[in-house]
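**Q** Here's the letter readout for the chains.
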Amino acid sequence: MSQGEPLVVAAGLRKTYPIFGGTLVKRRTGTVHAVDDVSFVIRRGETLGLVGESGCGKSTTGRLVMRLIEPDAGSIRFDRVELTTLGRRRRNEGRRRLQLMFQDPSSAFNPRMRVGRIVSEPMRLAGATGKAQRDRVAELLPLVGLAAEQAERFPHQFSGGQRQRIGIARALALRPELIVCDEPVAALDVSVQAQVVNLLQDLQDQFGLTYLFISHDLRVVRHISDRVAVMYLGRIVELAPTAELYGSPQHPYTRMLLDAVPKTRPGGARAGSRAAGEASLAPAAGRQGCLFAPRCPHVMPRCREEVPAFREAAPGHVAACHLLG
Amino acid sequence: MTGIAPMADAPLLSVRDLTVRFRSGRGAVTAIDRVSFDVARGRVLGLVGESGSGKSVTALALMRLLPPDLAAVAGEVRFDGRDLVALPEREMRRVRGRHVSMIFQEPMTSLNPIASIGRQICEPLRLHLGLGRRAARERAAELLAMVAIPEPRRRLDQYPHELSGGMRQRVVIAMAIACEPRLVIADEPTTALDVTTQAQILDLLRDLQSRLGMAIIMITHDLGVVAEFADDVQVMYAGRGVERAGVREVFGHPRHPYTGGLLRSIPDFEADQDRLIGIDGTVPSLANLPPGCAYAPRCERAQEDCRTVVPDLDIVAPAHRAACFHPLGVAREASP
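Read top to bottom, the protein sequences are chains A and B.
Following the numbering used here, the numbering of the first sequence begins with 35 at its first residue and continues without gaps.
Following the numbering used here, the numbering of the second sequence begins with 76 at its first residue and continues without gaps.
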């Protein structure tokens with residue numbers, strides 16, 4: 035699967051947001067670097083996991099790929115077409131090939147719309163006929179494990195897991211090639227989460243879908259991803275095939291993150307470095323050198339001055355750490 | 076000190092048949108149904124379950140924090156020999172925060188946004204321990220140091236919004252341990268936190284627990300947190316206790332099919348799996364529970380008896396209880 039051609043090529047993505055302060059007159063007092071020089075490739079048919087803690091920029095990256103927000107710099111090519119310079123009309127046409135799934139899909143559902151209408155809405159906006167919409171809904175609902183008759187019901191008549199299935203059906207309505215999944219199972223109970231993860235994998239096999247899977251859950255990401263990128267304060271610090279990343283993490287932050295996951299085998303002493311400190315997006319913290327340096331157990335003087343470049347630790351396994359150089 | 080006499084062998088907390096019924100527009104809903112468990116002195120009980128299992132309602136009922144006009148509480152909650160359910164509110168107020176305290180998921184629900192950190196930590200110290208202004212402030216700074224907040228003296232004059240989520244939860248913990256309670260009820264204390272911050276908070280709680288010798292009820296949906304933190308575990312499902320044993324027993328030899336299913340649902344962190352094995356169906360609505368075992372409609376082992384009779388939380392193995400007529404492991408041995 036990982037031999038697929040590149041479907042998404044993101045290069046040097048940058049997105050900053052201004053911070054305003056002041057008591058009487060609001061003035062720009064600083065900048066948040068939400069996404070800072072982020073580059074990656076997603077190959078057709080694979081799942082790229084994007085992990086990191088809150089504020090690391092993983093959702094912003096997902097929205098940049100969807101072009102829901104404009105990058106300050108950098109480029110995104112989708113199937114060899116540059117998205118960042120595309121006009122609005124071509125962009126909207128292209129957008130049906132990319133879909134987004136959220137943590138809580140029902141926040142995007144109109145509670146007074148029947149499920150059939152919710153699922154077919156993207157088709158309606160794309161100009162499909164009523165019959166085509168109804169036929170597609172009758173096809174989609176069984177695909178995601180719901181009964182076709184449930185199209186007549188309202189969102190509140192479904193459980194959280196079922197609502198996520200409705201969200202998946204809607205994301206599939208226009209037969210997309212890439213789905214950006216932003217914390218799709220974070221709000222679900224663990225027993226239901228497994229059902230939805232399995233469904234996402236089945237649909238991928240069936241339709242050759244490509245996923246950008248954004249999550250803070252390192253267990254789910256390990257299970258579903260072919261490759262994983264770890265973000266910290268707006269930058270990717272490590273990217274590797276899943277087994278590589280979890281088996282021999284190279285960046286000290288990746289190691290800290292993995293060590294912090296509670297193990298489900300009681301009595302197994304937690305190994306390695308214990309988590310210390312916390313990430314700060316405060317602009318005062320400065321952006322010179324490695325952003326993890328203030329928390330890093332292996333910090334060297336060089337780390338505070340020089341941004342580490344990506345170095346290859348193994349084929350396809352890169353990490354941005356001076357320890358590797 | 077108030078007149079609560081320690082009794083050497085009895086458990087610190089003994090809950091028997093605790094039942095909470097909520098009055099609602101469409102009749103009464105039983106949120107928790109005859110829940111029983113013990114917490115030994117200085118031990119950690121993990122109360123684990125999915126949404127709607129009744130774990131948070133249990134905590135609120137123990138603390139007597141449910142609105143009396145909406146919730147009818149029955150059963151017995153013996154804390155150091157006294158029944159908290161029957162205690163007059165005036166006396167209950169002396170127990171709360173002094174002998175039993177609580178930590179909530181979202182620190183801002185327990186912090187006053189317009190009061191300084193110092194004032195908030197001093198409040199229980201002055202109220203319960205009768206400390207003077209200066210002594211309370213002194214003690215508050217010590218407490219902040221105990222929960223590993225840097226520059227504790229400066230923090231006393233700061234406000235909650237000036238702290239990060241992890242630091243706020245440390246302040247809440249400092250408030251909870253201020254009077255050195257014998258029991259702390261922690262309701263999803265790390266759920267809102269990032270995983271590296273969660274690890275730090277769990278380490279802190281464990282350290283404080285061994286230093287102060289307090290017992291903890293750790294309420295969580297996260298089986299990993301339970302495995303790392305708890306000595307004993309009670310699994311809840313749809314308002315009932317379905318399994319209770321030591322932590323190694325529960326994770327090593329789950330007896331209730333629900334516990335087994337829950338453990339299987341978690342993606343493995345060490346081995347690769349082709350597919351996850353979830354549990355089919357969803358948690359039933361409390362307003363509409365099936366007769367018999369609430370898990371029966373989702374259970375692959377369910378028989379006719381499961382669909383008619385509610386199983387009791389009975390002993391199925393030494394020091395191991397499960398509310399199941401056809402428990403895992405046990406039945407397999409009986410009929411090979």
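Hints are not guaranteed to be accurate.
[Unchecked claim] Which residues of chain B face chain A? A partial, calculated answer using Cβ under 8 Å: (1) GLU125; (2) ALA274; (3) GLN275; (4) LEU279; (5) ARG323; (6) PHE326; (7) HIS328; (8) PRO342; (9) PHE344; (10) ALA346; (11) ILE352; (12) GLY367.
Source of the hints: derived by calculation from the structure; they are not laboratory data.
Idealized CB from N, CA, C, for every residue including glycine.
**Q** Looking back at the hints listed earlier, which ones does the structure fail to meet?
**A** Violated: hints 4, 7, 10, 12.
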